[in-house]
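Visitor: Assemble the whole structure, with the sequences as input and the hints as a guide.
Take a look at the letters that make up each chain.
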Amino acid sequence: MITQLVNWFRRKKLEAGLERELRYHLDRRITDLESSGLPTGEARRQALLELGGIAQIEEEVRDVWLSRWLRDFTYDLRLSTRSFLRMPSFSITAVLSLVLGIGATTAIYSLVDQVLLHALPVRQPERLVLIDWHGDQVANGFGSWNLMSYPICRDLDKQKQFFEGVFCRALTTVNLSTGGDYRPAAAEIVSNNYFQVLGVGPVLGRVLTNDDDGTPNANPVAVLSYDFWETQLGRAPDVVGRKVLVNRHPLTIIGVAASTFKGIDVGVVPSIWIPASMSAQAIPGFSDLLDRRTRWMQVLGRLNQGVKVQEAEAALQPWFKAMLQEDMRRAGFPVITPERRREFLNSSLVLAAAPQGHSSLRRRLLEPLWVLFAVTALLLGLACLNVSGLFLARGSARDREIGTRLALGASRGRLARQLLAESLLIAFVGGLLGIAVAPVAVRTLIAFLPPGTAPTALHVGVDSRLLLFAFLASIAAGLLSGLAPAWQAGRRSLMSSLRERGGTAFGGVRLRKIIVTAQIALTLTLVVGAALFLRTLDALMAKGPGFITSSLVSFGIDSQRSGYSPAEGNRLIRRIDEAIRQSPITEASAIAQFALLTGGSWNDPMTILADTRIVTNRDVNLNSVTPGFFQTLGIKIIEGRNFDERDAPAPGEKGWRSAIVNEAFVKRYLGGRSPLGLRICEGSGPDAKPNIEIVGVMSDFSYRGLREDSEQAYFPFFEGEEAGGTFYVRVRGRPQSFLPSLREIVHSADPTLPMTDFRTVDEQVDRSLNSEHMLATLSGSFSALALLLSLVGLYGVMSFVVTQRTREIGIRLALGATRRSAIWLVLRDALAMILSGIGIGLPFVWALGRLVESQLYEVKPSDPIVIALTILVLCSAGLGAALIPAHRASCVNPTDALRVE
Amino acid sequence: MLILQIVSLEPLHGYGIAQRVDQISRSVVQVNQGSLYPALHRLELKGWLKAEWKESETGREAKFYSLTASGRKQLAAEKHSWARLADAVRLIFDEGAR
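Residue numbers (my numbering), protein chains in the order written: chain A, 1 to 901; chain B, 1 to 98.
I should point out that these hints are in silico values taken from the structure, not numbers from a laboratory. Treat the hints with care, as some may be off.
Here are the computed lysine-lysine pairs in the DSSO-like style, where the Cα-Cα straight-line distance is at most 27 Å [unchecked claim]:
| no. | chain 1 | residue 1 | chain 2 | residue 2 |
| --- | --- | --- | --- | --- |
| 1 | A | K13 | B | K46 |
| 2 | B | K54 | A | K12 |
| 3 | A | K12 | B | K50 |
| 4 | A | K308 | A | K321 |
| 5 | B | K73 | B | K46 |
| 6 | B | K73 | B | K50 |
| 7 | B | K50 | A | K13 |
| 8 | A | K160 | A | K321 |
| 9 | B | K46 | A | K12 |
| 10 | A | K654 | A | K543 |
| 11 | A | K13 | B | K79 |
Guide: Below is the structure:
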């Protein structure tokens, strides 16, 4: 088989060899016969006779070289290539349709593969599991998802009958300096066994190991990522042993990790790995490393060879239950209600295979990417149908050729194969060009991803997996688009095709109509999908964040990362706030401890002391803000008052005196009655002491994101321990022009203080709508392409029908039919296709609706207006496309039409 | 098998093989000279024969076929199985004669 393929490439040489070999045979035979007395002519005749037909021998030998089907296939390909070159416009249209389909699908697949499917570049990633706590941990926490405490990770690491090792990690941002300026950098805080369990080695120096000292604050070392080493340190060979400053604490570099390894979180490339024992330095103010009730790290483990996820999960439970009992008896375990205690004891450990690591980007993009992938797959299907239609159209033009070949004895299978070879050839050319445009498309797509994504986290290049995908997509496309024409060729009756005059095959038309109907059905699905996403985006934009964003700028400062103590830091940032307010460029300025519209928040359940004690049944979103906050953002105080000097704590007093809650809070927990004077506090246990007075009610606005309508309670930001926060500044005029002046003000307070996330709030709103933008834009453009493709298909079929029925229409007109009825004749045909396409498409719309429901906002997948509008657009566009051939039909001159034949 | 046997004695070109077949089989087996070449190429593809261009006895270049190691093995195997078949047949005839 392989040799045969090789033979194809050296067939010239083989041919020449065979020719020489046979000539030699013939010449020797002739010489021999001559010497036995025959005359030259007679000897030649005799020799040729003995040998048999030379051409036939050559054929047989060629069959040995390349087996029969392979030779036929190469002939088919050659024939197809020639016929395509003869019809460039046809070929270009077909190839372009497929390039569009394959290119788009491949580009989206590239992201699907990298973000959703690709296993980590570590040893045997299939043995990695994510370990999570299902139930109430009775713990405080910070971070994203799947969080547990550091001590639990250490306990799990000891369960050696299941795990080769269990490590934990947490992502954070540190102020990092290699000698020059401090810059915010992504850092991963990891347990000492992180690299060992993953199986990742160093390119330089060494990585952290179990032999490193795990005692808190004892091991001031760090491992750099290859990315950071390359981009920030110019791959300096002498970096091991040097010191870096993390939040002003010196750490010694012990090594640089392997170049392929970018952490376990797709989308974030850490600059530095810091041992968990140094977490107090990496996270200013953090001292709960050894606290079992502080959840902040993701815990992942490597199962022993041969241990199944479910087995390990089931077998771990007894140990886990015993640990829960032990935890309850520990000193410092919080006082909780019996109900909560039950929930705590009912907790279980959940193990999930995690060959791709843990990624919040993946979590965010999981659904949008699959939806887009489905959309592009539909688009590819549509492109295939278009090519199918084109082939059928050409097939009817080639009727004569095919009829003749059938008459000469070609088998139907052979003809069908020929047609399949043609479509495969087109598909491969389309696939190759698709691969060529894919990197450009991927780059465009990456621009749509959440802006926090590290630029080096994803690559735009074409790798072997992508090539394989594009190859399979091309084969599928080739087969799909060749199927209908091949089937048509196999069905054609020889008699009828020879009898027909000038290529009028009606079977082809029926098939083409079916194809157009299918295209309309697919297009309906895509257009409805796009309309839903557009309405979602529109609804969210119309809703807005609930405050005035124009001329509003925000940036973050965390003074503790620059070495300030909490009290000093608090004074520093309030001083900066004051300076900004004094500046002539600003209208108003305020600090919020937590930034708005980032997807995150500070949240906790609360206890309200009204007539009875009310415990909120879900988390309340909390924040603390300076008194200028509401005025700066244009948020109304509906009832009561704003924070003022009365709310400032007395010297030495801890905690807040007052709070402002939002309308949603009042509505949900107090049934709309005035909350002023009621007392609340954080926490839901029996030991919670509601001692904070509600002094005001603010109008609702978005905190975590535009979609969420949450209950919120805000505390005053005065002198105290809060040493960082996000500044909101309303400037007089265009915000961009004032960024340097704001930078200048911060710089004069402390020149080394880095400002993070410096941007306008409008920009922040856009960022928070990132996946909605992506879905609306991409599905919108894909469905526009789909609409275009199916209109072209419809137009093609209708013009063909009109050409075929010219005679009939001419006769009708001659017999007194009006032009209008001729137009109607054609439009009726088109309308039938469009309507049946819509009928077939509606169930698909329903299925798609279920897929995307969670991505929508204030619009149902079965929204009648959206569907009605889409149908209207499809019908009018379809009829528009059919109107051109219809108009031509009405212009038929009866005498000309009758004279055609 | 016939071709393999002939070539096993000495490397030969196509024409030589055809003549040898003629000689050996006399008129018992009529081998069409034309079908010789596809057979030779098939054996070459299977790796039992190898071919090289050499000067022939008349001084012209000709394609000489010779047996490869795996060809030799194949020939032995075929001889063996043929011998077993022949033995079996003879046994049947001997039984019948007694």
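Visitor: Hints first: check each against the structure and report whether it holds.
Guide: Hints, verified against the model:
{"no.": "1", "hint": "K13/A / K46/B", "in the structure": "19 Å, holds"}
{"no.": "2", "hint": "K54/B / K12/A", "in the structure": "20 Å, holds"}
{"no.": "3", "hint": "K12/A / K50/B", "in the structure": "19 Å, holds"}
{"no.": "4", "hint": "K308/A / K321/A", "in the structure": "21 Å, holds"}
{"no.": "5", "hint": "K73/B / K46/B", "in the structure": "13 Å, holds"}
{"no.": "6", "hint": "K73/B / K50/B", "in the structure": "14 Å, holds"}
{"no.": "7", "hint": "K50/B / K13/A", "in the structure": "16 Å, holds"}
{"no.": "8", "hint": "K160/A / K321/A", "in the structure": "18 Å, holds"}
{"no.": "9", "hint": "K46/B / K12/A", "in the structure": "21 Å, holds"}
{"no.": "10", "hint": "K654/A / K543/A", "in the structure": "38 Å, violated"}
{"no.": "11", "hint": "K13/A / K79/B", "in the structure": "35 Å, violated"}
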